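*Asks:* All chains, please: the whole structure from these sequences, using the hints.
Which chain is which? The protein sequence lines are F and S, in order.
Every number in the numbering used here is 123 more than the matching position in the first sequence, counting from 1.
Every number in the numbering used here is 123 more than the matching position in the second sequence, counting from 1.
Since the hints were made in silico from the structure, they are not lab data.
Don't take every hint at face value.
Identical copies carry no separate label here, and so any pair may be met within one copy or between two of them.
[As the list claims (entries may be wrong)] Result set (DSSO-like, lysine-lysine): computed pairs, CA atoms no more than 30 Å apart in a straight line:
{"id": "1", "residue 1": "Lys233", "residue 2": "Lys181"}
{"id": "2", "residue 1": "Lys165", "residue 2": "Lys212"}
{"id": "3", "residue 1": "Lys181", "residue 2": "Lys165"}
{"id": "4", "residue 1": "Lys192", "residue 2": "Lys181"}
{"id": "5", "residue 1": "Lys160", "residue 2": "Lys212"}
{"id": "6", "residue 1": "Lys131", "residue 2": "Lys151"}
{"id": "7", "residue 1": "Lys160", "residue 2": "Lys137"}
{"id": "8", "residue 1": "Lys181", "residue 2": "Lys133"}
{"id": "9", "residue 1": "Lys212", "residue 2": "Lys250"}
{"id": "10", "residue 1": "Lys212", "residue 2": "Lys151"}
{"id": "11", "residue 1": "Lys212", "residue 2": "Lys197"}
{"id": "12", "residue 1": "Lys131", "residue 2": "Lys233"}
{"id": "13", "residue 1": "Lys131", "residue 2": "Lys246"}
{"id": "14", "residue 1": "Lys151", "residue 2": "Lys233"}
{"id": "15", "residue 1": "Lys246", "residue 2": "Lys233"}
{"id": "16", "residue 1": "Lys246", "residue 2": "Lys192"}
{"id": "17", "residue 1": "Lys197", "residue 2": "Lys250"}
{"id": "18", "residue 1": "Lys233", "residue 2": "Lys133"}
{"id": "19", "residue 1": "Lys192", "residue 2": "Lys137"}
{"id": "20", "residue 1": "Lys246", "residue 2": "Lys181"}
{"id": "21", "residue 1": "Lys212", "residue 2": "Lys246"}
{"id": "22", "residue 1": "Lys165", "residue 2": "Lys192"}
{"id": "23", "residue 1": "Lys233", "residue 2": "Lys165"}
{"id": "24", "residue 1": "Lys233", "residue 2": "Lys197"}
{"id": "25", "residue 1": "Lys151", "residue 2": "Lys137"}
Model, not experiment: these values are computed from the prediction.
Protein chains: 2
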Amino acid sequence: MIDIDINKIKFDEKGLVPVITQSYYTGKVLMQAYANKEAIEKTIETGYATYFSRSRNKLWIKGETSGNKQKIVKIKIDCDEDSILYLVKDYGVACHTGEESCFYRDIDFKEDQKPDAYEIFHKLYEKIES
Amino acid sequence: MIDIDINKIKFDEKGLVPVITQSYYTGKVLMQAYANKEAIEKTIETGYATYFSRSRNKLWIKGETSGNKQKIVKIKIDCDEDSILYLVKDYGVACHTGEESCFYRDIDFKEDQKPDAYEIFHKLYEKIES
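*Replies:* See the structure below:
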């Protein structure tokens, strides 16, 4: 795994970068929030997920009041360095609604049940590989 | 699972919303991009992940040129309706670098190897539940 420096991160005009938080235990995407440079430095320093709250306009240590902390396993950065992923050991729920993940609702969408050509090839490939 | 209407989505001042794309097959977070309302409508209509390219300032059907399409399984929305998750059946790689996921690099961070109180309680809880 290639390591990259925090100074490479491209923050937006507000000094923020989107952060995706994924559970190390379940692989679930738990939440998506934002961080400024200070929040990421604090995350590295403490080993616990820290964000920047846009509504409260200040640093936000996840779980500071709720106790539902997120212990960092890895901090990943995307190819164009403008998106961050916190892989975390999560304790308790991530969402203020009491749900495990903030993404607990679906946009109304019905998947086409008929497999398409891509899917057939994918299954064939898996069969060959196994 | 609760279904929610597309009109509930809170787009930012540029008419965009961050989209996290996760593989249905591996659970990996593949990429993070943006969508406008049209991109989400197109995604629902076609069943394939569509984004809005900020650099090219136009609709971006993932895999249109590379062939690495993303077939939608679910479209999820977060608690405050300002972040979207595409759960996809991915064919080929997601990243233009040739990597499976755009998040192929780590920010320099060494996890504390010593388990903390939270982790001990979590393991104990798992033991009790099993």
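*Asks:* Classify it for me, Lys246 with Lys192: is the Cα-Cα distance of at most 30 Å met within a copy, between copies, both or neither?
*Replies:* Answer is between; shortest inter-copy Cα gap is 15 Å, intra-copy 39 Å.
*Asks:* Give the relationship of Lys246 and Lys181 under a CA distance limit of 30 Å: within one copy only, between copies only, both, or neither.
*Replies:* Classified as neither: same-chain Cα gap 48 Å, cross-chain 33 Å, threshold 30 Å.
*Asks:* Can you give me the call for Lys151 and Lys233, within, between, both or neither, at a CA distance of at most 30 Å?
*Replies:* both (21 Å within a copy, 22 Å between copies)
*Asks:* For Lys212 vs Lys197, is the C-alpha pair at or below 30 Å within one copy, between two copies, both, or neither?
*Replies:* both (10 Å within a copy, 25 Å between copies)
*Asks:* Within a copy, between copies, both or neither: where do Lys165 and Lys192 come within 30 Å Cα-Cα?
*Replies:* within (14 Å within a copy, 37 Å between copies)
*Asks:* Pop the pair Lys233 and Lys133 into one bin, within, between, both or neither, using alpha-carbon distances up to 30 Å.
*Replies:* Cα proximity of Lys233 and Lys133: across copies only (22 Å, versus 36 Å in one copy).
*Asks:* First find the shortest C-alpha distance between Lys212 and Lys246 inside one copy, then the shortest across copies, and answer within, between, both or neither for a cut-off of 30 Å.
*Replies:* Between copies, since 11 Å is at most 30 Å while 32 Å is not.
*Asks:* With identical chains treated as interchangeable, where does the CA-CA distance between Lys181 and Lys133 reach 30 Å or less: within a copy, between copies, both, or neither?
*Replies:* both (20 Å within a copy, 22 Å between copies)
*Asks:* Is it within, between, both or neither when you check Lys212 against Lys250 at 30 Å Cα-Cα?
*Replies:* Intra 34 Å, inter 17 Å, cutoff 30 Å: inter-copy only.
*Asks:* When Cα atoms must be at most 30 Å apart, do Lys181 and Lys165 count as within-copy, between-copy, both, or neither?
*Replies:* within (13 Å within a copy, 36 Å between copies)
*Asks:* Are the CA atoms of Lys131 and Lys151 at most 30 Å apart within a copy, between copies, both, or neither?
*Replies:* both (27 Å within a copy, 23 Å between copies)
*Asks:* First find the shortest C-alpha distance between Lys151 and Lys137 inside one copy, then the shortest across copies, and answer within, between, both or neither for a cut-off of 30 Å.
*Replies:* Classified as both: same-chain Cα gap 28 Å, cross-chain 28 Å, threshold 30 Å.
Checked against the numbered hints given earlier, this structure breaks hints 13 and 20; the rest are met.
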